[in-house]
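Undergrad: Using the sequences and the hints given, assemble the complete structure.
Order-wise, the sequence lines are chains A and B.
Numbered as in our numbering, the first sequence ends at 160 without a single skipped number.
Numbered as in our numbering, the second sequence ends at 160 without a single skipped number.
It is possible that part of the hints are untrue.
Given that identical chains are not distinguished, each listed pair holds provided it fits within a single copy or across any two copies.
Unchecked claim - 30 Å max Cα-Cα, derived DSSO-like pairs, lysine-lysine:
hint: 1; residue 1: Lys57; residue 2: Lys(-2)
hint: 2; residue 1: Lys57; residue 2: Lys151
hint: 3; residue 1: Lys95; residue 2: Lys32
hint: 4; residue 1: Lys106; residue 2: Lys151
hint: 5; residue 1: Lys58; residue 2: Lys151
hint: 6; residue 1: Lys125; residue 2: Lys58
hint: 7; residue 1: Lys(-2); residue 2: Lys125
hint: 8; residue 1: Lys116; residue 2: Lys151
It should be emphasised that the hints constitute simulated quantities derived from the structure, not laboratory data.
Listed below are the residues making up each chain.
There are 2 protein chains.
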Amino acid sequence: MRIAIDMDEVLADPISKFVSRYNQDYNVPLDLTMEPGYEFFHHIPEHINHKWYDYINEAGFFRDLPLIEGSVEAVKKLQEEHDVYIVSAATEFRNSLVDKYDWLSEHFPFISWKNIVFCGNKIIKADVLIDDRIKNFVDFDGRKLLFTSPHNLLVTDYERVDNWQQVLEKIQQQPAAKL
Amino acid sequence: MRIAIDMDEVLADPISKFVSRYNQDYNVPLDLTMEPGYEFFHHIPEHINHKWYDYINEAGFFRDLPLIEGSVEAVKKLQEEHDVYIVSAATEFRNSLVDKYDWLSEHFPFISWKNIVFCGNKIIKADVLIDDRIKNFVDFDGRKLLFTSPHNLLVTDYERVDNWQQVLEKIQQQPAAKL
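TA: Next comes the structure, spelled out in structure tokens:
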């Protein structure tokens, strides 16, 4: 079975990096209660709200993101039985390409270059897609697992996974049809 | 209709770049008759045969490749009626990522970041794939157009296009079924 896995907010945690960049530059309290349905930048004071876009374009931004808990072990486990691809919308940010490549080499060295896809629209063919953004599900034919992130908490239309333990349980329980 | 287009030896010409790098470093004549069925490195003297791998890994190698004749105009024309994606096996060479991104920005600025795919295996969903490597056709469901390059001249199993004019003619003549 071919399983495609998104990076940001699924394997890697950009939100805590945004918070640390804001803290580095501004002496303002950040309201990061992260209410359901809101993006992190909705919680940033208005006069510096646009800065997230500068941060995300910085060389190095994606290089040292923290791991989402349990992701390395779970992906390794999935790879024992399945054909695992990492599929990330990286082409939006030029400098993210090499950062994401190096980040994967560091944390997921068992993923071959053949199994990495850096793209814009996810025009991929796979049996399962694990992603936090429902826009990536629209044209996807396989099984969709919505990985929980504050911005998608109000979405009810998709099968949801709150963490990597749940991903493993769901994939072991209900294997999708082979391609 | 969604049309996926490979980069090397289809839009960009890495072979002439290899030749110029060899000429820069070695005072040897290069037999680049490019016989049908052979890769360019089969024509390099044996003691420096391995150098192509160093060259291709150099930062900047893919940044200034010459264009394949007619490619810009043809892709622009295809884009008027179709959903065009550039799909390149870029993840094999870390440094190629940003070089290919910048090369596309320079020569194909009308291609959105949403329509770029840098990958290893081409696990994409499209109606047409234009590529010079038949390995990329194996798992592809749509119409396959083999773009002529010396290494594939002995291949007879696929619909062949020798240049961009022929691509336009073939796509106008025989539109594939919509996805």
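Undergrad: State the violated hints by number, sorted upward, taking the hints as numbered earlier in the document.
TA: No numbers; nothing is violated.
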